[in-house]
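**Student:** Each chain is listed here by its residues.
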Amino acid sequence: MKPRWYHGVAAAIALVAVVGAVGVMRSRSRERSDIVIGPWAEMENERWNLPNLQEAQVVVPDRPHDPAEADAHRRGESTMKRVRRFTVSTNADHLRMGPIAPKAPGRLRIAAVGDSVTFGWGVRAEESWTTLLEVELQRRGHGVDIINAGSPGAPTASMAAWCRTQARRLEVDRILWVRRVPPPHMGGARSVAEGLQTCASVVSQRPLFLLPPISRFDLHGRQEGAREGGEVTALLGPDWVAHDLTEPFRAAQGARGEDLTFEGDKLSVVDLESGNTWLTVPASPQGHLPAAVSELFERELTVAEALMYDGGHPDAEGSIVMARLIADLVEPTL
Amino acid sequence: MTSERREALWWIGGACFVAVALGVWLLLTAPPFDELATRYSVL
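Chains as they are written, first to last, in my numbering: chain W, 41 to 374; chain E, 1223 to 1265.
Source of the hints: derived by calculation from the structure; they are not laboratory data. The beta-carbon is built from N, C-alpha and C at its ideal position, and this holds for glycine as well. Be careful, since some hints might not be right.
So the derived label-pair ranges between C-beta atoms look like this [unchecked claim]:
(1) W/144 - E/1249: 47 to 57 angstroms
(2) W/364 - E/1243: 36 to 46 angstroms
(3) W/129 - E/1242: 32 to 42 angstroms
(4) E/1234 - W/332: 28 to 38 angstroms
(5) E/1243 - W/338: 31 to 41 angstroms
(6) E/1248 - W/279: 27 to 37 angstroms
(7) W/79 - E/1242: 48 to 58 angstroms
(8) E/1229 - W/55: 11 to 21 angstroms
So these bits of chain W aren't anywhere near chain E, every CB distance computed over 10 angstroms [stated by the list, open to error]:
(9) 47
(10) 50
(11) 51
(12) 56
(13) 64
(14) 140
(15) 147
(16) 282
(17) 296
(18) 313
(19) 323
(20) 356
(21) 357
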């Protein structure tokens, strides 16, 4: 076929379209998270980590945000630019850690059963508090191995199912239950009490009941959090203790980073180091994080809570603090 | 219309169709920004 002028025009149009589409796909893939969880038949079809993931990419907000903002993202209507990326690899046992070696004689195997905080959401696997807890306890002379049995967004039913179906198989000696209490429509304190009892039935020593720290920017947590542990132990009996890490974590935050303060029906974002107020806005009657606060975080990249990056999860330094706090609680039980 | 014009129309029209189809496909397959991440980021 003899080349004609319109062949060139058609080829140019098609080329521009294909190059444009590839560009859009590439830029999209940078913002897209791979799927890292799904139902697991061996665990009663509860949702858990997918097995054998290799460097799955996850993109998360790198600042406090309101759930409505997350919905806006899903609709593509948000302007959230402040994000962080991390990768997730899992072993054949659906855990975010390397292969589990056969248990050595005299070693104590402790499973930390929890949600995204235990999983190490937003940090590298080697920065997760479970890895650091193992290092810390071994440094203190204890022959322990820690299993990271955390899964992002794990409801209490998944955590209980993990204990029921996996703990014996993996020869777990002790369990740390690490999760805030879900709201009533997700099972509330009763589901935690039942989960703790389930986990207690598969090990010789009662699980340690730990409540991860609440962020200064978690408005709901700041209102409800202090009651959570007591609601669970009231159901379980006086022998149970809830260890809420919020207060010691706040102490470690000290006068660093930003805080959210309340006065009447207004809230302010305050720089704890200088004492300066970034902004003061009316508090939302529904307890949502005001849009102006989100905008401040987007605009001023130095505005950040110490030790936590997104209003719910510890950053790498926060994970070190968590590991030390938990080591202090675990050590007397060894 | 000459045969050359008709052929040019087919070629350019076809290329435009491919471009529009790619655009529609991209629009329809727009993924959530970080569905998993945002769903579970504040627990």
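**Student:** Is 36 to 46 angstroms respected by the C-beta to C-beta distance linking residue 364 of chain W and residue 1243 of chain E?
**Tutor:** violated, 57 angstroms
**Student:** Quick one: work out the minimum CB distance from residue 56 of chain W to chain E and report holds if it exceeds 10 angstroms, violated otherwise.
**Tutor:** violated, 7 angstroms
**Student:** Per the stated criterion, does the least C-beta distance between residue 323 of chain W and chain E lie above 10 angstroms, as a non-interface residue requires?
**Tutor:** The assertion about residue 323 of chain W holds, with a minimum of 17 angstroms to chain E.
**Student:** Indicate whether the distance between the beta carbons of residue 1229 of chain E and residue 55 of chain W respects the range 11 to 21 angstroms.
**Tutor:** At roughly 20 angstroms between Cβ atoms, residue 55 of chain W and residue 1229 of chain E fall inside 11 to 21 angstroms, so the hint holds.
**Student:** Falls inside 48 to 58 angstroms, the C-beta gap from residue 79 of chain W to residue 1242 of chain E?
**Tutor:** violated, 38 angstroms
**Student:** Run the C-beta distances from residue 64 of chain W to all of chain E and say if the shortest one exceeds 10 angstroms.
**Tutor:** Per Cβ check, residue 64 of chain W is inside 10 angstroms of chain E; nearest 6 angstroms; violated.
**Student:** Is it correct that the beta-carbon of residue 51 of chain W has no partner in chain E closer than or equal to 10 angstroms?
**Tutor:** Contrary to the label, residue 51 of chain W does not stay out of reach of chain E, its closest Cβ about 7 angstroms off (not over 10 angstroms).
**Student:** With d taken as the least Cβ-Cβ distance between residue 356 of chain W and chain E, does d exceed 10 angstroms?
**Tutor:** At roughly 17 angstroms from the nearest Cβ of chain E, residue 356 of chain W sits farther out than 10 angstroms, so the non-interface label holds.
**Student:** Measuring from beta carbon to beta carbon, are residue 129 of chain W and residue 1242 of chain E in 32 to 42 angstroms?
**Tutor:** Since residue 129 of chain W and residue 1242 of chain E have Cβ atoms about 40 angstroms apart, the given range 32 to 42 angstroms holds.
**Student:** Taking 47 to 57 angstroms as the stated bounds, is the beta-carbon spacing between residue 144 of chain W and residue 1249 of chain E within them?
**Tutor:** holds, 56 angstroms
**Student:** Mind verifying the non-interface call on residue 50 of chain W? Its CB should be farther than 10 angstroms from each CB in chain E.
**Tutor:** violated, 4 angstroms
**Student:** Per the hint of 28 to 38 angstroms, is the separation of the Cβ atoms of residue 1234 of chain E and residue 332 of chain W within bounds?
**Tutor:** Violated - the Cβ-Cβ distance for residue 1234 of chain E and residue 332 of chain W, about 50 angstroms, lies outside 28 to 38 angstroms.
Hints 2, 4, 6, 7, 9, 10, 11, 12, 13 from the list above are not met by this structure, while the remaining hints are.
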